[in-house]
Each structure stands twice: as C-alpha cells, then as structure tokens.
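Colleague: From first to last, the protein sequence lines stand for chains P and F.
So in this note's numbering, spot 229 of the first sequence is number 229, and the numbers just go up one at a time.
So in this note's numbering, spot 30 of the second sequence is number 30, and the numbers just go up one at a time.
Rather than coming from a laboratory, the hints here were simulated on the basis of the structure.
Here the structure is a predicted model, which is why all the values come from computation and not from measurement.
Worth double-checking, as some hints may not be accurate.
Same chains, same label: a pair holds when it works inside one copy or across any pair of copies.
[Stated by the list, open to error] With a straight-line cut-off of 25 Å between C-alpha atoms, the simulated SDA-like cross-links for lysine to any residue are:
id, residue 1, residue 2
1, Lys174, Tyr88
2, Lys51, Leu14
3, Lys117, Leu87
4, Lys117, Arg103
5, Lys104, Arg143
6, Lys178, Leu89
7, Lys51, Tyr109
8, Lys104, Tyr88
9, Lys117, Glu297
10, Lys178, Val278
11, Lys84, Ser270
12, Lys117, Glu277
Protein chains: 2
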Amino acid sequence: LTFEVTILGASAALPALGRFPTCQILNVNHRYYMIDCGEGAQIQAARFGIKLSRIHSIFISHLHGDHYLGLIGLLGTLSLQGRKRALYLYAPADLADILAAHRKSGGLYLSFELIFKATNTEAPEVLAEDDLLTIYTFPLRHRIPCAGFRFEEKRRGYTLRKDAPLQALSIQQKLALKRGEDIVLEGKTRAFTEFTEPLKKLRTYAYCSDTIFDISLLSELNNVDLLYHEATFTQEYLTRAQETMHTTALQAALLAKEAQVGKLLIGHYSSRYNNLEVLLAEAQGVFPPTALAIEGETFKV
Amino acid sequence: LTFEVTILGASAALPALGRFPTCQILNVNHRYYMIDCGEGAQIQAARFGIKLSRIHSIFISHLHGDHYLGLIGLLGTLSLQGRKRALYLYAPADLADILAAHRKSGGLYLSFELIFKATNTEAPEVLAEDDLLTIYTFPLRHRIPCAGFRFEEKRRGYTLRKDAPLQALSIQQKLALKRGEDIVLEGKTRAFTEFTEPLKKLRTYAYCSDTIFDISLLSELNNVDLLYHEATFTQEYLTRAQETMHTTALQAALLAKEAQVGKLLIGHYSSRYNNLEVLLAEAQGVFPPTALAIEGETFKV
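Bound-form chain P, shown alone (with noise of 0.2 Å):
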C-alpha cells in the first residue's frame, strides 16, 4: 500500500528564491490528502504532475497566508476541471466566512459539494475516518489559533501467506482467516496465523506546523513513522523564533528524538537561509534520521 508524502512547497510566509510556501500530499493508496494549500499549491501540483482530480480531502493548519491562499485558486481549478466528487475540507472556522465571501463575489464557482468541518484548535481529537486511515488532530501554540495533524493507517484484516496451502480452501474459509478467525479444515480446527502474515505496525504521519517548541506534542507525537516540524530559524535566531513562535531545527530534532520518531522531516524555512544545509546540520547533530522538505520530492513513510 503506497504511504507516502510529496512536498509543494516548504517556505515560511515572504517568498524567496523561488520556494513556494506550505503544501503537502499525502498519497495513500493513490488517495490524496492535501496538507495546508500555500499560495501556487495548484501551480506546484502542475509542475510536478500531481492529479488534482485523486484529492480526496484538504486540511489547513491555521489561517496565515502562507497556508491556505493556494485554496480559493484550487477550489476554482476543480470546478474548471469539471469536478463531481464531493470533497472534504479541515481548517479553522473562519476559512468558511472567507471562502463565503470569494463565492459571494461570483468569482468562485464550485460545480461539487465542499463539506467543510471547523478543526479543533483548544484540544485534541478524531477529526476524519475513511477505510484508510484515521486521521487526529491536536492543537498547536502559534500565534493564531492552529492544528496539527496526525494520519494513522487503519487495520485492513490480515493477508494470506503466499507459502500456505490455500488451494483447499473457500472462499469463506479465506474472508474468515483475513478477519483473523480459526477455521475448521478437514474436521480439524487450525489456527489463522498458520495462514496469515504476522500483522506490520501500522505508519503513521504527523504533522505540525507552525508551533512554538513545544514538548507537550510528546503525547501526540509518540513513536510516529514520519514526523514533519517546523524548523523556520536556526539556533542563532532562537529569540526571534520564540517571539514569532516558531521553532529551531535543533529543537525540532530534539522533539523527534525524546518522541523515538522514526524520522524527521523539516521546513518552513525562513527567507534569510539560501543554502539550507545548515538547518539540515543543527538537526542532524541532535537526530542524524532528519531530512530537509524539498518541492517536489517524496518521502515515504
């Protein structure tokens, strides 16, 4: 099952060197979960050949233009495309007043349903469920009210092993051993495991951006496959982070390191870094498993 991620964008808010702002995509099973939707979101998608059509669901982190102003454009291009499909949308309540006075203007015309649900930025909890994945969010502390976002896979049943002797079987018999049930073969009962693959750990993705270093995103963060975290300055600018309430890349890696995260991946860089191997270095040097968030590259969880 594919689980990965694709990065659009990755800058923090002013525009630099040509890097786009904050966006994401989720690829489970070639389903698409779009992560915050920067201004070019569209443009990005185009360039690195990303189906906009295969998005299934969008979620926005909080309401700073460098993470939603790519929608409305987004929303517009579906409905030029000809989209059907319903499509689901998670951000913080007020993105429904803004999208509201865009429609109301007559320059966004929607030709599917947008079904929107408000985030929770005070506390923790399911915010979406489909035959994938459940996905969580939790609050984070930045300047705006803002969320984070948690993808975890869901059980699908257990797979047959290919090495087992599945010709005498039926098809029921076969359903039965993928729920992980005993059957009775021959008048004997046998075990399902004698059939099955032991079960994988489920991966799961997590997401924060932007957030103050925060060490009670412990809880959330515990164990995750991938984790993507800001890491906007360098220690060098640890004050101005702390007064923009943004995040080092050393105290992102020491996030993933005390949560035993089994990797890291960061980004919204500020403008004033061109080379940004020295973002990479600082969290390295406290959790070698780290990557730089590049547009266009994919990381798989």
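Given the coordinates of chain P, work out where chain F should sit on it, guided by the hints.
Modeller: Chain F only, in chain P's frame:
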C-alpha cells in the same frame, strides 16, 4: 521618463505548463502600477527582481480568481516587509468584503493604510490621478462585472533645449519657460518656444482583460500607443470564446487595427495552447505590430 510594462503572468484560469495567471507592472518613472494580481504574483515579482516596495497602486479588473488571488498574499508580504506608505487599490466593490474576511481571521495583518476605491463597472470615468498619470476606467463585457484601464501620461511642462542660451536666465525665467510662458530678456519679449523642445506626444497604455469582442471599446482605445488585449482563443474556437465571453486573437487584432493603436500585446492564453505562436500568427495576419505577452518580458509604451 520610463514608461513600460513588465509581464508577470499572462495565462488564463487553468494553470498550464508552468505559466502564471494575469499580472502586469506598469513602470512610470520607477513608480509601479500593478494591473491585475493573479495567484503567484509575488512569487513572479521575486523571480524577476521587481521591488514590491515600489508599488504605488493596484488595479483589479474583475473578481475571477486568475485576476486577483495573488493580492492577499502580496498585501501580507508588503506588511512583513514593514511598508508604512499608503497603498491605493482599485477593484470591483465586492473585493472589500473579501479583504475584510481575510483580515477578520487574523491571517491578514496590514502595516499600512489601504485606500480602496470601487471601480465603476457600468460607465467610463476618471478613476485616479497623480502627478504622472491620469487613469481612466471603462466597462468590459464579461461574465461578471469587469473594467478595463487606460493610463495616460500627464503633461509635466516644457523641457528646456540644451542648445538654448540659458546662462543669462534667472531661475524664475526658466520656470516660466517650463510653464510655456514668454519672458522679457534685455527689454525684449522672447517666445518660450525659442528656449524649449517641441511637445512630445503623451504616451498611453490601455488594458482590456477579460472581455468578449466589443467594438464599442474603440472610443476608449483610439490611438493608444500600446494596447494589451486578451486573446484567449484562436478563431477556431470562436463559439467557445463567445460562450465564455472571451476574445479571439483575430478579433483582438481587428480591434487594434480599427483603433489605430501603435502596438498590440496579446495574452490570457487558454491552457490548450502549448505553443503560443499560433495565436501570434493569427493576430499578425490582421495587425502586424502584435507581440505575445511573455512572463518576464518588458514592453516600452
């Protein structure tokens, strides 16, 4: 005096082939007048080295996303840059509600005064005036209220001839000559024309996007030096142009020819055109001094 247009984007609504939606910078004596502001305008400005701080006023033709969705991000960036100087914004009235919704969410903070004036999309009028330009607006016929703009250079007085005997003149006399007043020199009245250059033609730039082919525009476009006119389709798609209230390249050229403009610039290309030469060839067949609006290129008025 510099009087030139730089193209930041010239694509129609659907993002295609990395082309950006409509945005232009009219540079008059290094004061910038931005015309339309499609998504990604600030990204393009950064790419082409356009200093955002030089923007004096912004003109939005209509509220389809490909003509205004870059505005909110641009205003945010100007604020992050610490702009203090007031900014003038001319647009259909509904844009005020849209801006209010973005500001209410806390996502759009302005560090400067934004002076908004609703355009008249029903009748021609003088929209704005400063020491360099008089700016006219006139209705365009599109699916929603829409306005075109004409930027006319203002007479700034006469220029003194370098080869005239200026050494003998007082500052007061020189100022009188610049105002076109005759002076008295050694008891004799001398015509100001002895000392000044002949008046140059005042330059004008007109902008028409989006609109159905509309012959009644001739009175607004008569004799302008440079005309930008949308040419979304080739004549092959005339029916589609009429349905969507757009213009073909042939029609734009006919209008330019009838209005006896100096030069025609076409743009707002449909995403179906990988190669824009077909649009250019169609227009040049009727009106040879036609050019394609291409991102990053600058056209003298």
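Colleague: Should Lys178 paired with Leu89 be assigned to within, between, both, or neither, using CA atoms and 25 Å as the limit?
Modeller: neither (33 Å within a copy, 63 Å between copies)
Colleague: Treating 25 Å as the Cα threshold, decide for Lys117 and Arg103: within, between, both or neither.
Modeller: Answer is both; intra-copy 18 Å and inter-copy 21 Å each pass.
Colleague: From the Cα coordinates, with 25 Å as the cut-off, is the pair Lys104 and Tyr88 best called within, between, both, or neither?
Modeller: Answer is both; intra-copy 20 Å and inter-copy 23 Å each pass.
Colleague: Since the copies are identical, ignore which copy is meant and state whether Lys174 and Tyr88 lie within 25 Å (CA to CA) inside a copy, between copies, both or neither.
Modeller: Classified as neither: same-chain Cα gap 35 Å, cross-chain 70 Å, threshold 25 Å.
Colleague: Should Lys178 paired with Val278 be assigned to within, between, both, or neither, using CA atoms and 25 Å as the limit?
Modeller: Answer is neither: 49 Å inside a copy and 59 Å across each miss the 25 Å cutoff.
Colleague: Within, between, both or neither: how does the pair Lys51, Tyr109 come out at a Cα-Cα threshold of 25 Å?
Modeller: Only inside one copy: Lys51 and Tyr109 sit 20 Å apart there, 33 Å across copies, limit 25 Å.
Colleague: How would you classify Lys117 and Glu277 at a CA-CA limit of 25 Å: within, between, both, or neither?
Modeller: neither (38 Å within a copy, 46 Å between copies)
Colleague: How do Lys104 and Arg143 come out at 25 Å by Cα distance, when the copy is not named: within, between, both, or neither?
Modeller: Cα proximity of Lys104 and Arg143: across copies only (14 Å, versus 29 Å in one copy).
Colleague: At most 25 Å between CA atoms: does that hold for Lys84 and Ser270 within a copy, between copies, both, or neither?
Modeller: So Lys84 and Ser270 pass the 25 Å test across copies only (22 Å; inside, 38 Å).
Colleague: At 25 Å max between alpha carbons, let me know whether Lys117 reaches Glu297 within a copy, between copies, both or neither.
Modeller: neither (30 Å within a copy, 44 Å between copies)
Colleague: For Lys117 vs Leu87, is the C-alpha pair at or below 25 Å within one copy, between two copies, both, or neither?
Modeller: Classified as within; 11 Å inside a copy, 36 Å across copies.
Colleague: Within, between, both or neither: how does the pair Lys51, Leu14 come out at a Cα-Cα threshold of 25 Å?
Modeller: Between copies, since 13 Å is at most 25 Å while 27 Å is not.
When each numbered hint is compared with the structure, violations occur for hints 1, 6, 9, 10 and 12.
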